[in-house]
Structure formats: structure tokens, C-alpha cells
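Protein chains in written order, with my numbering: chain B, 21 to 721; chain W, 78 to 348.
There's no promise every hint is true.
Said to hold, decoys possible - With a straight-line Cα cutoff of 30 Å, these simulated DSS-like cross-link-like pairs (lysine-lysine) come out: (1) B:K260 x B:K126; (2) B:K369 x W:K139; (3) B:K255 x W:K292.
Stated by the list, open to error - Computed footprint of chain W on chain B, listed as stretches where at least three residues anywhere in the stretch have a Cβ under 8 Å from a Cβ of chain W: (4) 135 to 148; (5) 244 to 251; (6) 498 to 504.
What the hints assert, rightly or not - So the derived list for chain B, only partly shown, Cβ under 10 Å to chain W, looks like this: (7) N152; (8) K155; (9) V195; (10) L214; (11) P360; (12) L495; (13) W513.
In case anyone wonders, no lab produced these hints; they're calculated from the structure.
Quick caveat: nothing in here was measured; it's all calculated off a predicted structure.
Beta carbons are placed, not taken as given, at the ideal position from N, Cα and C, and that holds for glycine.
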Amino acid sequence: MSLPPFSYAEIEERLEDMFVELMPEVIQHLTEFDIQTQDALLVLVENAAATSHGLAFQFGERLPRAFEIMDLDTIELWLNQAIDVFDSKGLYGAIEKLDELESVAKHAQEKLTGIAFEDVAGILEHFVIGLNGRKLKIETDRECYTDTETLFLPSMVNQFTEKEDNFSLYKCMTVHLWAQTWFGTWRHDLFETLEQFENQRRSLQWLHTLEAIRLDACIQRELPGIHREMIRLCKLANIKPLSALDIPHTEKLKSTGSSVEHSLDILQKVYALEHPENIHFLGRLKPELVEHRRNIRLAKEKDLFRKAIAHILEEKTSKKISSLSDEEKKSIKAEAVPNPDVPEGFSYKLELDGESIEPPEGVSSLMDSIIQDLGLIPDDYLVAAGDGGYHFEKDDDKPDSKNVWSGTYHEEGAFLHKEWDFKRQRYKKNWCAVRELDVHTAKSSFVNETAQKYSGLIKNLRRTFEVLRGEDKILKKQPYGDDIDIDALVETWADVQSGMEMSENIFTKMHKEERNIAVIFMVDMSGSTKGWINDAERESLVLLCEALETLGDRYAIYGFTGNTRKRCEIYRVKSFDDLYDDATRARISNIKPQDYTRLGVFIRHFTQVFADVEAKTKLLITLSDGKPEDYDGYRGEYGIEDTRMALVEARREGVHPFCITIDREARDYLPHMYGKTSYVVIDEVSQLPLKVADIYRHITS
Amino acid sequence: MIQAKALKPEEHFIDEEPYYEAIGEEIEVFLAAYQQQIPILLKGPTGCGKTRFMEHMAWRLKKPLITVSCHDDLTASDLVGRFLVSGGETQWVDGPLARAVRHGAICYLDEIVEARKDTTVVIHPLADDRRVLPMEKVGELLEATNDFCLAISYNPGYQSVLKDLKQSTRQRFVALEFDYPSSELETRIISNETGIDEDMASRLVKFAHMTRNLKGSGLEEGASTRLLVHAAKLIKAGISPVTACHTAISQALTDDAEMLSAVNELSSSLF
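Only chain W is shown next, with the shape it has when bound in the complex (with noise of 0.2 Å):
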């Protein structure tokens, strides 16, 4: 029986070298922040690379990379940890935040606006220069070593008024800002992340340009690289260039059936 591997988060070391092509300065950047025990915060709509270039980034320092989706219903016992009942005694468990301060990883918090606003405070007392993470239910106060590192992202773009990072959050953090990335590299990144032909790459960039253009105007996001790469690799399994935009893109991008139609008409002009 084949079974996935499972592993801790603090051993979730990358070995193999993802593919990442810088925009700018940001690699310099992100290392000297880190020799300087700087929290990070990316900045950047959706898609546009930020998680893979904390893949890049963990796999350049050696360190595991301990990511967190923050959702909603986020709580600070989500991130530090918490009691459970096991053979009817009770037994801490560190939360991911922990974990990551205490084996010196990285902690990345994706998305970190979705979570609620009294979560977000506690990552203050490790984003400034004490870098302890206090643990009130054991009454720890766990010290951060020179290893680990703090990361945050968001998407400045679509989130609404009520969803916006605080001052007393931002201001702790260097912040990199991602965009998505000139035609040319573009065109690149999606031929060497899936193989297919620069011709059909550059095509799919073009389309990418069309539906940024949309933005707006009745789309919330254009295309991002991401979901390029997905309907590049559609076509190089051998689905039609059409179809592959169709479901990777159109579909993704809106359920507004005009929009999707628009969106359809001006994939179809272009292959």
C-alpha cells in the first residue's frame, strides 16, 4: 500500500531547488533581514510567487518552513498551542508558531489578514527586537534563536476596509512588494516551470495582459502567473490551448456568465 509521507513540521526541510526567478532585489533583501532578525512581510496579489519564493528562501537558508494559512477562525491558541486530554491528563501541544520558534524554523503566516485581529498580536512580542513568544496557559516564555524567522503575506488588493493589517502590525516588518512579474520573465518562468514552447508561453502572457486589463472593470483579479502555469500544463498533456484557458483560467477567474463568455471570446482570439 502506497501511503503519503507524513511528516513533523519542524522536519519539513526543502531539499530540491524550486524554481524561482527574482523580480528584483528581493533575495538580497529577505537574507539580510534575516542575518538581521528583521520579521518579513510580502505584499502582492494572489498567484504572483510569494509562497514559492519562501520555498526558495527555506530551501537557501536550510531551514524547515512551517507555513499557516490564517483563516477566520484563527485563534492564538491555533498558532501557540494547547492543552489536550490524553489518557484522561491533560498535555500541551505547541501550536506552529511555537514549534517554529522552537526548533528555529521558519514560520510563514500566509493570508495573515484573514486571521481575527486578536491573533494577529500575538506574533508582536516575537516581531520586534525581544523575539519571545510568551506562553501564558504553561507560563513559558519561549525565546526565539538566531535561526528562526518570521514571515508574514497579504494581498493589499481586494481585502476590504475591515480587513487591514494594523500599524502596530505592519511597522514591525520590512516589507517586499511582489507584483506579477515583466512579459518576458513571465513568458520564461511558465516555459521553464511546465516545458512548453516559448511561442505558446508568450501567448498565454498575452491573455494574462487581457484579463489584468479587466481588473476592474468587472474582475476582481486578472490571471495570475500561477494560474498560467496551470493551464500551461493542461496544454502540454495535450489539451487544446482554448479548452486549457477555458477551465485553468476563465473558470477561475469568475462565475458572472457575460464576464465568463468575454473572458472565453478573448482566449479563443488568440490561439
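Same shape as in the complex, but just chain B (with noise of 0.2 Å):
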């Protein structure tokens, strides 16, 4: 039998315990419905309360109204939305996205049928980049567009009754708008044509229509199976295919060899027609949004290929740009290819002297990129211009650490991780900013005055590692094998001799015993070890570099410290590329108490700078003394849990996590983040240096 449900007077009481106030009318709404709903709403109410009590209050308005049009899982997805935005925008945003619930619950009702982009995004992001090209990324909006790099797609498409369809039109869409920067739409600057007209709203209807019938022919030609597809999505929509639009003047657009020029040219004698309502779903043409973001990449492109020029012009003449005449530097040409792979039906290639050029890795796609925008490189590109010191940037998107205070929210230059809050169960996105810093590469003795301290240690560190570094062996007597074994052989032709059985073991094996280790120590930098904690970590990294040094394997250090979410800091003392110089000795003896311990975020990013690296084993050590704390709230169990979900990520990825505490008290929370085995509390302070490259040992043989 269920129980009865919860009366006015306790759900205000309940309410009352997480501070949370609601109106009278919604209490006496919720009073209307059993108790386990009663409960379930209550919990989303608290877990509202615990990020803002705003935005409890706000959820708890809306719950009325939330639940005549949706479930209770919707209701919980778009509580989960609003809390994500109150993360990034605060309060209002937050409310704003509340107040956005009869979008949510129609495309909840949506989703049943419809495809959703998040869920298409992979393929269709591979697919894109396979067709012809400059890169486009694809991103949603809400109608269908491209500005020349990105093509925005609607987050949902549901046109259709199944999911199949559903999914082609989206593909549709992806080929048409792929379609304009590959056939040409916006070379012509159609902003400035189209400004002559007086009604712009119906030139850019009529432009947009003509060259879709261009773009369709080009596809029917080019990729035939699209086309095919389209003609199908029409008649399920039952509305006319491009193909067969009664449109006067457009014959010529379905020939090879029409351009841009010749829509606009029609567009001339069809404007006064009435335009052809519902005709097709590939969205818009946005010129004023790719003036923009052409003229950017214009900019920026004839910048660096002319510097590209002026990189080749030095390396070909040996003479420094700025001593060259201006004659010379005009004197790479490109010259026109036929290339029935590209529309224009030709491709250029870089000359000097009459002799062609290969340009350099990143000049080709930058000349692709150009041409895509011009149909050809300009005379004026190619004038080479710049210090001829040139670079070309693969990776522009790589956080510059060095910004640590610009960009909204002090975010720009920094890596950012998500977070996990327990009490929401739930991840916050993008929620701590990491950044990498150097340490001070001082002169410092402390190095020189550990390894005196500990030179007996040392020695004896160097000698039990040794016999740990991998070696070749010639195994003997072995079944099968690169060789003879002749000891054996004879040995068992004599067995055989006597009259006993002959042994099958006479081969010799090569046995290649490779230590394929790869490992990051974490060391915690927080202001708790200020003294001597500080001096023990700096100790155990000297005896354990002297170790590692020995054996080979690869590792790198890092010092962790935060001071909140959006300054969680990472110093570099040794990366994996780094050798154990003296440049990384001075960085050790530098390494200074700073702030306080979030945990969970280096976890994380450690385990991301893993992956990049190659090897059989991986192992994050940490180097800590005591819980993770931080200002804003990471303490108690939400650090903890936070860790410890950081931790079976790192595991899932493949990372093996083991962590030296000096924290006595740690064997109440360290089994519960790390497992029981993967951890070690040391109880002297001064027994650390002695310890870890011990423990090490053990972990690894």
C-alpha cells in the first residue's frame, strides 16, 4: 500500500529545511499529485536550491505550468539545462533558459522521432571534411546557413516521420551549404549586388533559390548519390525538387561552367516574379555574415601567403628580403594547371625562373583556401612582403598561457575542465580553467647539497634500479627459437645416444625485456606544505630523478595549486620531453608552497596530456598532504567525490593512479578515492625522500 501523500504543512516544512520559499498556489499544486512524484520534484527543488536559491524559487514557479506540457524526466533535463547556464551566465541566463520550457518540451516530443544534431554531429563533421576543400566546422543555430567556415545545421530536424529520412536531410543540407563554398556562391561580393535592389528581403529569396537550382545541377553531376537522395526527400515532403522547378531563364544554370554571375544575371529578369512558395528546406544565404568572415580570412590569408613568398624567395636566393629589389620580389609567378578535379577546371602552382616550386607543408592548403575564394591567386599576393620569417600556424587554437588575465572571465589561454558535483550527480562543463606556468629556473645549491645529503642513498638507489632496466636475454634450452642451442643439441644427441628420450628443448630465444613506463608525478604545491613538507617533496624528487635516470623510463613533474576554480595552476618542472638538466634541477629547488589543493582537475588534465603519449604503462603518482580543498567550496565530501570521479576517468582512459600521502588521517578518505591498494601513507615527514623512490620501485617491478 502507498502512502499517503505529503499535506501542505509538509511540504513547506521540507521546503523550509533547504531554505527555499515558494508561493502558496504551487505548494497547493504539488500537494495534488503521490508522493513519489511529490518526492522526486521536491529532490529536483533541492538540487536547484544547492546551486541558487533564486533559481530553486524560479524552478518552483514554473513547476506548475512544466508539468501540464512535460514528464518528469524532461522536467529534470531542463532544470539540468537551466543549472548549466546558471554556470556560465549566472542567474539571468538561467531564468531565461526556465522561461524557455515549451521549447524544451517540444523538442522532448520532438526527439522521439527526430533526429538530434548532437547525435549525427560525428559522422557529419567526418563527412564534411571528406568532401573537397577548406575545413568546415559544422556548429548548430537555429535556421540553416554557412559563413564560409562553419556551417550552422538546426539542432533538431524532424521534418520527417523516420529517422533514416530525418538523418538525409540533414545530409542534404550539409552537401548544399558544403555546396556554396565549394561551387562558388560567394566569390561575388552578393552584399554589395544585392544592396541595388529595393527589396532586399526578396532579391536574397530569389538569389538564394537560383543558386540552389545551380548547386543542385553541380551536385547531380558531382556526387549523383545526394542527388538521388534529395529528389527522394522531396516527393516524401511532396514538395517539387529542384530539378524541376518551372522557373524561366534558369535552363542555363544546369549547364557545366555556370557560375555565381550568371544567377545574379537572372536574378535581374526574375525579381519582379512572384517567388515560388515552400520549394525547398536548405535554409538561407546570410551575406552580410560571410562578408564578414571573408574579408577576415582575406585579410589574414594574403598576409601570411605573401610572407610565404617571402619565405621561399629567401631560401631560393640566399639574400634577406629587405635587400631585395622590388623587381625580385615579384618574381614568383603562378602559373595555371588544368585540374578537372576542381570547378574553376584549373589549379596553380608556384614559379620562379620558369622552374616550379613545391610549396612548403601549409602553403598548399592556404593557396587551396585562396583560390576557393577568388578563383585564382591575385598579382598583388604575390608580392612577396614581411621580415621573410615566417611561420605557419597549424595550431592556433592552443591555449597561450601567457594570457592569464584577458578574455572574458579570465578563461582565454587556459585548458578547461569539467567538474563533478555529487550532490547534482551531475558534471559542470568546462568548470575549472587550468593553466601551465614555468617555474623559476633560479640558480639554486639545494639540488647539489641533496644529492651530498643522500649520497650513500643515491648509490644504493642507482644499484637496485639497475637491475630493474630491461635488458636483452638469450634465453636457452627453449622449444622454439631464432637458433640452434648447441649445448643442448649435443647434450640431447648424447641422451639420445644412451637410449633415452630426446629433449625438444635445444633452440635459444632473444628475449627483449622492454620497461614501457610512462609516468607523471603530481606534486602538490599547496601553501600546507610551507616548511619542511616542502624541503621532503624536494628531497624525494632529486632521489627520484637520480633513479629514474637510471632505469630509463620516461616521466615528467608537475606542481599543482589552486586558488578556485578559475585559477587552478599547474608549474612545469620537468615535461616529458625535458631532460634532467640543470635547467630542470633549478626548477625542483624552486618549487614554492603557493595556494590550496583542488584535486580533481589536474587528475583530469593529467590524464589528458596522457594521451598523447605512447606507452604500455601509465602511471600518475601523486605527491600530496592531505585532502583536496579549495576556497570555493571544494571540501569535505564534494572534493572528494570529485577526485575520486577524476580518478575512474584517468582509469577508463587507461591511467593508473597511485597516490603518497603524508596525511595520517588519510586512510579515512584515500581507500575511497584510490582504491585500498593504490596508495601509501607515510608517517615521518622525513621518511619521504627515503620512501618514494621505494615505493616506486615496487609499483612498477
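Put the two chains together into one complex; each comes in its own frame, and the hints tell you how they fit.
Here you go:
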């Protein structure tokens, strides 16, 4: 038998416990549900209250309406979306999101038959890169359009009742937008041309239709499979396919060699006609957006290209660019060569004095991109410029750690990581901003002093670690192998002669024992390590480095410290690529206590670092002195649960976490985070340097 | 009962001309290097025609071709030879490299970087002007005749840093770089090799270019000419183009489900 529902007073009391006040009519509404639903809803209110009481109040206000149009799961989804927005934009943004409840409900309904962008984004991304031309990104927006660098698609397609058809439509939209960039819709300055018309909306609409007809014909020639899909979809939706539209003067558009100029010509003729209704589902043209993007790109690429030209000239002539005459600066020519693979029918190669030049890495794609915009390489691009100190930025998305305080809300130049909120049982997206900083390399005698202090121990360590080092061994008397073990053979032969059974083990085999270990040490640099803990940590690192150098394992050392989620800092002491040289030694000496210990974010960061490292065993060792704790609520259960989650993620990626701590109370919480066997508590701080290398030996052999 | 023909490696002559379209001057360079007794290194992505080129050259030179596919367990004795036990006695058996030297054949070590570093070193004395193969175990020094030719291949594209070719090895060779042929040539190769019509061949090439666009964005390698030939052969045998591309190309390129559907979508948009 189920329990009776909560009464008005009971609900009010529970809300009071959460310090949330709701309007009486909302509470009244809540009393009408059965107890399970009431309980679920109150938990949601509590979740909201854990983030902000304002949000909980706003959420409660909208609950009655939400319940009319959504089921419980959708309500939870809707609230979670609002909480996500709250994290990035604050209460006002979250309230806006809450106000979108109608569309959330509609979206949830659509999701049953439709296809959501996020489900197919992975496929479409690869798909569009596979098509020719500039590498395009895809994102969602309310409409379907392109700015020539990104294709914007609706976040949901549910035009048809079958999922496959909806996916097909996504694909067709993608191809049409791609076709705009590949078959030169944007090569003409459409913005300017359209301004001549009185009714710009109308002219734009017409132009889009004309271009769609032209591109449709191009697609029919190049990608007949897609074209067939388009026609099939049109039939399903009961609209005329583009190729069957009866619009005067458009025959020309369907032939090979037609360009956007033809569409513009025809636009003059058809402008006065009434635009047919409902003829395709291919979104809109947005010349103003393209204009902006294109101008930025043209300027950037012109600059890059002229620098690249200068670089090539400097190499060919062995002269500084500044010492070349104006004539010489123009001596590289772009020669057109027929190429049936591109719509123009021509591609370009660079020539110097009649000799063709192989463009360096990155320049070919730069040329392709320029040709895609302009159809050719204009003469003024071929004038060398700049200092010739040309570097092609392959990866300009990489955050620059120097921009610490620039950008909105100090996030520029940082790596963003999520964080687990155990109360919400969800991740907070892009919650923590991590920056990699360098430790000073000021000279210090610390390392030498340590080496002297522990010279006996270091010798001992080297000896023990040398034993661990993998070496080739020839195994004798093997059943299979590369070569005959003559000794064994003679013995066996003698055995056979004396009437005994013949042994099969007469081969030698080369056995290669490779240690394929990569390890990152993350060292707690929180304020609480100040004093002798910090000294002990640094001493341990010195001894460890000595040992690891003998062993030949790849290792990296980073210090970490946090001061709220916006300032998580990693100090690079030694990356995998750095040698154990004077600079590294100096950095070890200069590890200094800083702020707090936020742990999960760093574990996530280093798990990511490990993703680029190829090793059989990946080990993440934390040297710590206590519980994770940071200024903005990252303490107690919250910090422990987040760290635990980060460790779970790390293990999933094949990283073995291990913790060495000097916190004697660690036995209470470390087993929960690291597991029963993956941590060691050292009771005496002074023991740390002696133990760390030893522990490392144990866990890696 | 039908039995497969068993041949000794040094008897592997190529009698019929293997179909090969030159991309550049590789045939001339190879011939010149052969006459001057310089070993040859073929570089290039998988399936672009390196092995076919070797067969073609073996046919031209009328020399037996001994191919060794290198792997990471390949030892020096696998190449040079070893003692085997037979009837209570040990008996020396030449490895493929020693055979090639003895009989004046062409020895082609395919994917040389896959072999262990200590193995690679045994070819050093053969690959410079000494042209000898020391066989320590039998106490012999095998001197190569003018007919012998050493060629190795490797794919600089996907090997890890651990598997790079040592400078001391690579600096002994004349290097020929192979790449995918131009679309026109590739179309011709495919239609000649398999007999499908030019139009279908050019579509296959277009599809190959799409997958090559994806190299580095989720695919390790684009579709090679060899894969195109496979697909074309299936098409010729009556399989629909879309299915042929799925089975012969997409599945060969990747196991990643998302990438697979993207590549499949690309192929079905073309046919």
C-alpha cells in the first residue's frame, strides 16, 4: 500500500529545511500529486537550491506549467540545462533558460521521431571534411546557413516520420551548404550587388533559389547519390525537386561552367516575379555574415601568403628579403595548370624563373583556400612581404598560458575541464580553468646539497634500479627459437645415443624485456606544505630523478595548486621531453608552496596529457599532504567525490593513479578515492625522500 | 589433385610483364642505380605501387625477385641463414638474403622499419661499396655479384618515432619517393588493371580523394590505389558500387563506427 501524499504543511516544512520559499499556489499544486512524484519534484527543487536559492524559487514558480506539458524526466532535463546555464551566465541566463520550457517540451517531443544534431555531429563532421576544399566546422543554430568557415545546421530535424529520412535531410543540407563554399556562391560580393535592389529580402530569396538550382545541378554531376536522396526527400515532403522547378531562364544554370554571375544575371530577370512558396528546405543565405568572415580571412591569408612567398624567395636566393629589389620581390609567378578535379578546371603552381617550386607544408592548403575564395591567385598576392620569418601556424587554437588575465572571465589561454558535483550527480561543464606555468630556473644549490646529503642512498638506489632495467636476454633450451642451442643439442644427442628420450628444448631465443612505462608525478604545492614538507617533497624528487635516470623510464613532474576554479595552476618542473639538466634541477629547487589543493581538475588534465603519450603502462603518482580543498566550496565530500570521479575517468583511459601522502588521517578517505591498494601513507615526513623511490620500485616491478 | 606450384625463392622469375604506370622517372633511376650497384630505398604510403614496381623491375631485369616482409620478430638469422638439425647432423640453410646474394637475385625487404634494429644492421656491408654478406656462423664471407640488387621499402607516414629508419641505414640508399598517382593516371591504372569503365574508375578515384582528405582528421591513411583496385574488381564481378566501396574500402580503412558511417555516406553520395 502506498503512503498518503505529503500535506501542505509537510511540503512547506521540507522546503523550509532547504531554505526555499515557494508561492502558496505552487505548494497547493504540489499537494495534488502522489508521494513518489512529490518526492522526486522536491529533490529537484533541492538540487536547484544547492546551486542557487533564486534558481530554486524560479524553478518552483514554473513547475505547475511545466507539469502540464512535460513528464518528470523532461522536467529534470530542463532544470539541468538551466543549471548549466547558471554556471556560465549566472541567474539571469538561467531564468531565460527556464522560460524556454515550451520549446524544451517541444524538443523532447520531437526527439522521439526526429534526429538531434548531437547524435549525428560526429558523422557529419567527418563527412564534410571528406568532401573537398577548406576544412569546414559544423555547429548548430536556429537556421541552416554558412559563413564559409562553419556550416550551421538546426539542432534537430524532424521533418519526416522516419529517423533515416531525417538523417538524409541533415546530409543534404550539409552538402548544399558545402556546395555554396565549393562551387563559388560567395566568390562574388553578393552584399553589394543585393543592395541595388529595392526589396532586399526578396532579391536574397530569389538569389538563394537560383543558386540552389545551380548547385543542385553541380551536385547531380558530382555527387549523384546525394542528388537522388534530395529528390526522394522532396517526394516524401510533397514538394517539387529543384531540378523540376519551372522558373524561366534557369536552363543555363544547369549546365557545366555556370557560375554565380549567371545567377545574378537571371536574378535581374526574375526579380519582378512572385517567388514560389515552399520549394525547398535548405535554409538561407546570409551575405552579411559571409562578408565579415571572408574579409577577415582574405586579409589574413593574403598576409600569410605574402610572407610565405618571402620565405621561399629568401631560401631560393639566399638573400634577406629587405635587400631584394621590388622587381625581385615579384619574381614568383603562379602558373595555371588544368585540373579537372576542381570546379574552376584549373589549379595553380608556383614558379620562379620558369622553374616550378614545391610549396612548403601548409602553403598548399593556404593556396587552395585563397583559390576557393577568389578563383585564382591575384598578382598582388605574389609580392613578397614581411621579414620572411615565416611560420605557418598549424595549431592556432592552442591556449597560450601567458594570457592569464585576458579574455572574458579569465578563461582565455586556459584549458577548461569539467568537475563532478556529487549533489547534482552531474558534471559541471568547462568548470575549471587550468594554466600551465613555468617554475623559475633561478640557480640554487638545493639539488647539490641533497645529492650530497643522500649520496650513500643515491648509490644504493642506482644499484637497485639498474637491476630493474630491462635488457635483452638469451634464453637457452627453448622449445622454439631463433637459433640452435648447440650445447643443448649435443646433450640431447648424447641422451639419444644412450637410449633416452630426446628433448625438444634445443633452441635459443632472444627475449627482450622492455620497460615501457611513462609516469607523471604531480606534486602538491598548496600552502599547507610550507616548511619541511616542501623540503621533503623536493628532496624526494631529486632522489627519484636520480633513480629514474638510471632506469630510463619516461617521466614528467608537475606541481599543482589551486585558488578557486578560475585559477588552477600547474607548474611545469619537467615535461616528458625535458632532460634532467641544470634547468630542471633548478626548477625542482624552486618549487614553492602556493595556495590550495583542488585535485580532480589536475587529474583530468594529466589524463589528457597522457593521451598523447604512447606507453604500455601509464602511471600518475600524486604526492600530497592532505585532503583536496579549495576556496570556493571545494572541500569535504564535494572535493573527495570529484577527485574520485576524476580517478575513475583516468582509469578508464588506462592511467594507473597512485597516491603517496603524509596525512595520517588519509586512511579515512584515500581508500574511497584511490582504492585499497593504490596509496601509501608515510607517517614521518622525514621518511618521504627515503621512501618515494622505493615505493616507485615496488609499484613498477 | 590440383597442387599449388612450389618454387624455390631464387627460381621466382617474373615472366609476364606486370602492369605498371610510371609516375615520374622512377624506372630510369632504378635502372641507373642497378647498373651502378647502388641499393634502393622505396618510400611511400601503403598500396601506392611499391611492390608492383619491384615486380615490374624484376621482370625488366629478368632477375628472380626474393621478397621478405619484415616484422618485429625478424632476426638476423632469418635473413642470413641458420643451422637446422637433420638426421642427427646440423646442416646450414641459407636465409633469403644469402640466397639472393648467392644467386644474383633482387632482394626486396618490405617495410624494413618493422624489423628489429639489430637485424637492419646486417644489410649494411651489403649496402655499401663492399657488397659482401658476412656469415659469421659458417665463417664465410659471401661476395655479391654484379647481378645482385638490394631494395628496401618503408612508409614514413605512420611509423612512430621508435620505428624510424636509422641514418646509418638510410644514408646507404638511393631513395625513390612514391605517392598516390594523379587522378587522371590513377583512373587509367584502375580501369587497365580491372577492366571497369573509365567513368566508374574516376568515381572511385574521387572517393579515394575524399578519404585522403580525412587523413589526419580521424583516418590514419586514405584509401590506397590497391583498395580501389579491390573495389573495382568487386564491381566488375557484379557487386553494386556502394557495397563494393563499403566492403573493400571503408571497412579496410577504419573500425571506428562514426568514421565508418561518414565514409559510407561519402561513398553512397558518389554513386
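Of the hints given before, which are not true for this structure? 2, 3, 10, 12
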